[in-house]
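Order-wise, the sequence lines are chains A and B.
Note that the first sequence covers residues 1 to 687 in the working numbering.
Note that the second sequence covers residues 1001 to 1310 in the working numbering.
Please note that the accuracy of each hint is not assured.
Stated by the list, open to error - Computed list of lysine to any residue pairs in SDA-like fashion (alpha-carbon distance at most 20 angstroms, straight line):
#1 352/A with 1306/B
#2 316/A with 1108/B
#3 336/A with 381/A
#4 137/A with 1131/B
#5 1110/B with 406/A
#6 316/A with 1270/B
#7 316/A with 1151/B
#8 137/A with 1134/B
#9 137/A with 1056/B
#10 1303/B with 1056/B
#11 152/A with 1139/B
#12 1110/B with 256/A
#13 1121/B with 526/A
#14 559/A with 625/A
#15 1121/B with 603/A
#16 352/A with 1270/B
#17 137/A with 1133/B
#18 152/A with 1151/B
#19 586/A with 530/A
#20 113/A with 129/A
#21 316/A with 1119/B
#22 183/A with 1310/B
#23 1110/B with 156/A
#24 352/A with 1276/B
#25 1110/B with 191/A
#26 1121/B with 309/A
#27 183/A with 1109/B
#28 137/A with 1129/B
#29 152/A with 1056/B
#30 183/A with 1160/B
#31 137/A with 1130/B
#32 316/A with 1117/B
#33 41/A with 69/A
#34 316/A with 1189/B
#35 1121/B with 190/A
#36 559/A with 512/A
Stated by the list, open to error - Label-pair ranges, simulated between beta-carbon atoms:
#37 181/A with 1248/B: 47 to 55 angstroms
#38 404/A with 1196/B: 43 to 51 angstroms
#39 1016/B with 404/A: 32 to 40 angstroms
Bear in mind the hints are in silico, worked out from the structure with no lab data behind them.
Being a predicted model, the structure only gives us computed values, none of them experimental.
Glycine included, each C-beta is placed from N, C-alpha and C at the ideal position.
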Amino acid sequence: MADFLLELRCEEIPARMQKGARAELEKLLRREMDAAGAPIKDMAVWSTPRRLALIARDLPLATEAVREEAKGPPASAPDQAVDGFCRKNGVTRDQLEVREIKGRETYFAVIEKPGQAVADLLAAAIPAIVRDFSWPKSMRWGAASISSESTKWVRPLSGIVALLDGEVVPCVTDGLASGRVTKGHRFHSTGEIMIDGADDYAAKLRDAFVIVDHEERAGIVRDGARKAASDAGLVLVEDEGLVAENAGLTEWPVPLLGRFEDDFLDVPPETIQLTARVNQKYFVCEDSEGKLANAFICTANIAAADPAVVVDGNRKVLAARLADARFFWELDQKKKLEQHAKGLERITFHEKLGTVADKVDRVAKLARWLCEEGVVKGDPDLAEQAARLCKADLVTEMVGEFPELQGLMGGYYAAKEGLPTEVSDAIRDHYKPVGQGDDVPTAPVTVAVSLADKLDTLVGFFQIDEKPTGSKDPFALRRAALGILALILDNEIRASMRTLITAAAHEGGSADAGRPVATFLIERLKVQQRDAGIRHDMLDAVFALETDGDTVGVVLQTKALQDFLETENGTNLLAGYKRASNILKKEKWEAPENLSGKDVSYTAQKAEQALIDALADAAPKAAAAVSEERFEDAMAALATLRGPIDAFFEDVTVNDDAEEKREARLNLLARFTGAVGNVANFSRIEG
Amino acid sequence: MDTEPQSPPLPERDPTRSFQDMILTLHDFWAANGCVILQPYDMRMGAGTFHTATTLRALGPEPWNAAFVQPCRRPTDGRYGENPNRLQHYYQYQVILKPSPSDIQELYLKSLAAIGVDPLKHDIRFVEDDWESPTLGAWGLGWEVWCDGMEVTQFTYFQQMGGFDCKPVAGELTYGLERLAMYIQGVDSVYDLAFNQHGVSYGDVFLENEKQMSKWNFEVADTDALFDLFTKAEAECQNALAHDVPIAAYEQAVEASHIFNLLQARGVISVQERASYMGRVRDLARGSCEKYAEIKAPEWAEKYPEWSLV
Chain A
1 MADFLLELRC EEIPARMQKG ARAELEKLLR REMDAAGAPI KDMAVWSTPR RLALIARDLP
61 LATEAVREEA KGPPASAPDQ AVDGFCRKNG VTRDQLEVRE IKGRETYFAV IEKPGQAVAD
121 LLAAAIPAIV RDFSWPKSMR WGAASISSES TKWVRPLSGI VALLDGEVVP CVTDGLASGR
181 VTKGHRFHST GEIMIDGADD YAAKLRDAFV IVDHEERAGI VRDGARKAAS DAGLVLVEDE
241 GLVAENAGLT EWPVPLLGRF EDDFLDVPPE TIQLTARVNQ KYFVCEDSEG KLANAFICTA
301 NIAAADPAVV VDGNRKVLAA RLADARFFWE LDQKKKLEQH AKGLERITFH EKLGTVADKV
361 DRVAKLARWL CEEGVVKGDP DLAEQAARLC KADLVTEMVG EFPELQGLMG GYYAAKEGLP
421 TEVSDAIRDH YKPVGQGDDV PTAPVTVAVS LADKLDTLVG FFQIDEKPTG SKDPFALRRA
481 ALGILALILD NEIRASMRTL ITAAAHEGGS ADAGRPVATF LIERLKVQQR DAGIRHDMLD
541 AVFALETDGD TVGVVLQTKA LQDFLETENG TNLLAGYKRA SNILKKEKWE APENLSGKDV
601 SYTAQKAEQA LIDALADAAP KAAAAVSEER FEDAMAALAT LRGPIDAFFE DVTVNDDAEE
661 KREARLNLLA RFTGAVGNVA NFSRIEG
Chain B
1001 MDTEPQSPPL PERDPTRSFQ DMILTLHDFW AANGCVILQP YDMRMGAGTF HTATTLRALG
1061 PEPWNAAFVQ PCRRPTDGRY GENPNRLQHY YQYQVILKPS PSDIQELYLK SLAAIGVDPL
1121 KHDIRFVEDD WESPTLGAWG LGWEVWCDGM EVTQFTYFQQ MGGFDCKPVA GELTYGLERL
1181 AMYIQGVDSV YDLAFNQHGV SYGDVFLENE KQMSKWNFEV ADTDALFDLF TKAEAECQNA
1241 LAHDVPIAAY EQAVEASHIF NLLQARGVIS VQERASYMGR VRDLARGSCE KYAEIKAPEW
1301 AEKYPEWSLV
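Work out the full structure: start from the sequences and follow the hints.
Laid out in structure tokens, this is it:
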């Protein structure tokens, strides 16, 4: 058994690509070695900005010899068939053996595959891995790039270490020969490092100021940043994204804390945090009261001669950025949001849906309508005001610089202007919920603006036939739909989809979009409710009734239905329903309209009479309960039918010779399925 | 008594205390590494990449190594001399190495050391930053180089230029000279930079220029005349292309690009028109590159039999 070390060294790999690259390297090596018949069990893959490395443990030095036999055509078969068999198995005709099988002379091909040296397999695998490696973006470089066919890699590839059991696995990739020589840290190490094998690799690199294990570097960044913060009497604002990014930007991470001028804390803390994180990859800290502190933590890639010099350089860069942010913050406030909003007339929302100002106008009207109609219990004037200002920050300097701050900045500027809190909160939060798990607004004015904004987008794009297809959803309509559903369900908004869609329809737009939008929303609802454990067929069963039910009602009814069907009564009732409807279908029975529950003209059997009585009691109860949204009561009423229907099928023959009895019993079953079907369309339920 | 007129001895260069010494040191460094040291292109342009020594020379198979300073004009970045690090006119130091040498990163780091950046005192980092210029039909992969968190250089491996694959690939280094000098000299305002070792500051040289040019860019320039110039540059570009002189055509594309930037600064191009103007400049620039490659291709193919344009 032997260990295999592979290191692919190159110029700085973007931090965001390293995780994918580790997975790709493992996948490709496994693919090659599986195909070669030498699968790898245990593998560790590491990355730094300048290298991808892996160690595979306990490889055999050679694969075992394999003997395979293949049965061919009879010896008497035509030449064509025999030649085909030979081609398929890679043997010549004179290599075939003839054996007797069930009294017939039959050809056999015996293929001996000798064991192969694993070193040879690896030597063939490495160039294949380099060739097939998939990077999000890759490039050509150097003299070889005079041909378009030259090797592609994320950045120029500069060295390959490949050692099996301490011996070099010799291979050549694009003029680059494998060996045992690597390099250490770009600045803390000079010259070449000789690697003996898998066991001294990480240790030798550590001596050369390279921590090859990305997890270990992440730990140093995380712990070091925490410690730097606490040493300064502060608390680190944790950010695992930044931890991974800084670990991907360094081979020898050294977190360092610096301070910036207090004055900058006048600008919104989100702005500072974003500038620090996005532009500079710095962590920020809070004081003991949870307020943003005037501190940042950068992660150097050197053990600097004087860390204060590095910190001071970083401080200057951050100060320049914060000065910009403060400049934007002050400049933006020289105009009111109302004036900024005029700028939206120059921004196209979509060529067929007008400018952003046009959209704002529609959203304002819709938000007002939602409040006036009582769909949302908010003040119509405030809702309209908030809606008219909600996109104004898109043309401010700050959002121009940091698009992620849309909404938030508008909220700050509105508050600075002294607008009502309901309005500034609505401006701030109207994009929410942005994804699953995001907070769903509950303040009525915010709900009105958020719902109006998303409905306008969803219905508008359907009206110009820009629906999501497959994985393509350029206008994020799935997200809009999920947002609409979350707003409706969390706030118990009692309006039918039809009403909302109709209200949101753009004037002069296609009139045929209503049904597709509703279908799309129902599909999204199924996806969303699946995570909550609600089955799609249950939702179908309730939606199939095509009542003008609102989404909230449908979900409540579905939940009650699903709970019921998980009980023994429910399961058996469903079985009874299916049996009854199968009989009706088989008999092609068309029950007369207005089936009454009156007694039959003959003496009914005991079980038959019991079902008649139970139906007379349960059917009106269930119907009434549904109309009053007492869904559990409706299910309880149905549950009383379970015993009688079971007994009926046990004791009573439906297809009685007497036509009168047959007819009465089929009608009885029709009444039974009808009563159950008033609660949900049980035929849509699977299982 | 006659004495030979004697010139004073040349002073030692000090790139850490003189802007011009920093430039001269970079010239020394790259000249010693085989580059031709060019002078700036004598036209107004937005970036050193527009210099024909970069764009047109990135095409074709012939080796090409050059270094030069290029003054860059970004009319909308003007701040009337009031912002300590934003200017409508500033300098880039461009190095183009084709094919990209295998030790290009080491060469670059040595050049930083030559102008006084010690990588064990300062944290030098290569942070992903890809480059794309739809105007030139060009893109490349590379980094922005950070020094203690500040971007000091754009480092790009050109993959395409004028819509053609770069065969071979050229490496391009673009140093932001002013910010690098501010860093090395330890000053907070560009105008406080020492331009030489004799007491002349960057402000002495350029402050008045920033004030006047910002005013002209934003307030004064005659927009009718600019629109006229744009149309004429466009027409002349087509004329030059029709007569197979793509370098002349390319100059007109550069001119049109700058006139467009001036129109932007004057705020007379609407959002809708903007895309259309950019499209027109792109067509001129790409057309010129394509024509250049087309005319040179037979000669290149003859010298480099293994090479092909596409």
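Now for the hints, and whether the structure bears them out:
1. 352/A with 1306/B: 51 angstroms, violated
2. 316/A with 1108/B: 24 angstroms, violated
3. 336/A with 381/A: 19 angstroms, holds
4. 137/A with 1131/B: 12 angstroms, holds
5. 1110/B with 406/A: 43 angstroms, violated
6. 316/A with 1270/B: 37 angstroms, violated
7. 316/A with 1151/B: 12 angstroms, holds
8. 137/A with 1134/B: Roughly 18 angstroms separates the two Cα atoms, so the pair holds.
9. 137/A with 1056/B: Status violated; Cα separation ~25 angstroms.
10. 1303/B with 1056/B: The hint holds at about 18 angstroms.
11. 152/A with 1139/B: Roughly 15 angstroms separates the two Cα atoms, so the pair holds.
12. 1110/B with 256/A: 26 angstroms, violated
13. 1121/B with 526/A: This hinted pair is violated, its Cα atoms lying about 59 angstroms apart.
14. 559/A with 625/A: Holds - the C-alpha atoms of residue 625/A and residue 559/A are around 15 angstroms apart, at most 20 angstroms.
15. 1121/B with 603/A: Given pair residue 1121/B, residue 603/A is violated - Cα atoms ~105 angstroms apart, limit 20 angstroms.
16. 352/A with 1270/B: 19 angstroms, holds
17. 137/A with 1133/B: 17 angstroms, holds
18. 152/A with 1151/B: Violated - the C-alpha atoms of residue 1151/B and residue 152/A are around 27 angstroms apart, more than 20 angstroms.
19. 586/A with 530/A: 34 angstroms, violated
20. 113/A with 129/A: Not satisfied, since the Cα-Cα distance of roughly 24 angstroms exceeds 20 angstroms.
21. 316/A with 1119/B: 18 angstroms, holds
22. 183/A with 1310/B: 37 angstroms, violated
23. 1110/B with 156/A: Distance ~19 angstroms between residue 1110/B and residue 156/A Cα, so the pair holds.
24. 352/A with 1276/B: 19 angstroms, holds
25. 1110/B with 191/A: 16 angstroms, holds
26. 1121/B with 309/A: 7 angstroms, holds
27. 183/A with 1109/B: 16 angstroms, holds
28. 137/A with 1129/B: Holds, because 12 angstroms separates the two Cα atoms, which is no more than 20 angstroms.
29. 152/A with 1056/B: 24 angstroms, violated
30. 183/A with 1160/B: Judged against 20 angstroms, a Cα distance of about 31 angstroms means the pair is violated.
31. 137/A with 1130/B: 10 angstroms, holds
32. 316/A with 1117/B: Holds. Residue 316/A to residue 1117/B sits at ~17 angstroms (cutoff 20 angstroms).
33. 41/A with 69/A: 28 angstroms, violated
34. 316/A with 1189/B: 12 angstroms, holds
35. 1121/B with 190/A: Measuring from Cα to Cα gives roughly 16 angstroms; hence the hint holds.
36. 559/A with 512/A: 31 angstroms, violated
37. 181/A with 1248/B: 47 to 55 angstroms: Since residue 181/A and residue 1248/B have Cβ atoms about 51 angstroms apart, the given range 47 to 55 angstroms holds.
38. 404/A with 1196/B: 43 to 51 angstroms: 44 angstroms, holds
39. 1016/B with 404/A: 32 to 40 angstroms: Between residue 1016/B and residue 404/A, where Cβ atoms are some 39 angstroms apart, the hint holds.
In this structure, the earlier hints numbered 1, 2, 5, 6, 9, 12, 13, 15, 18, 19, 20, 22, 29, 30, 33 and 36 are contradicted, and the remaining ones agree with it.
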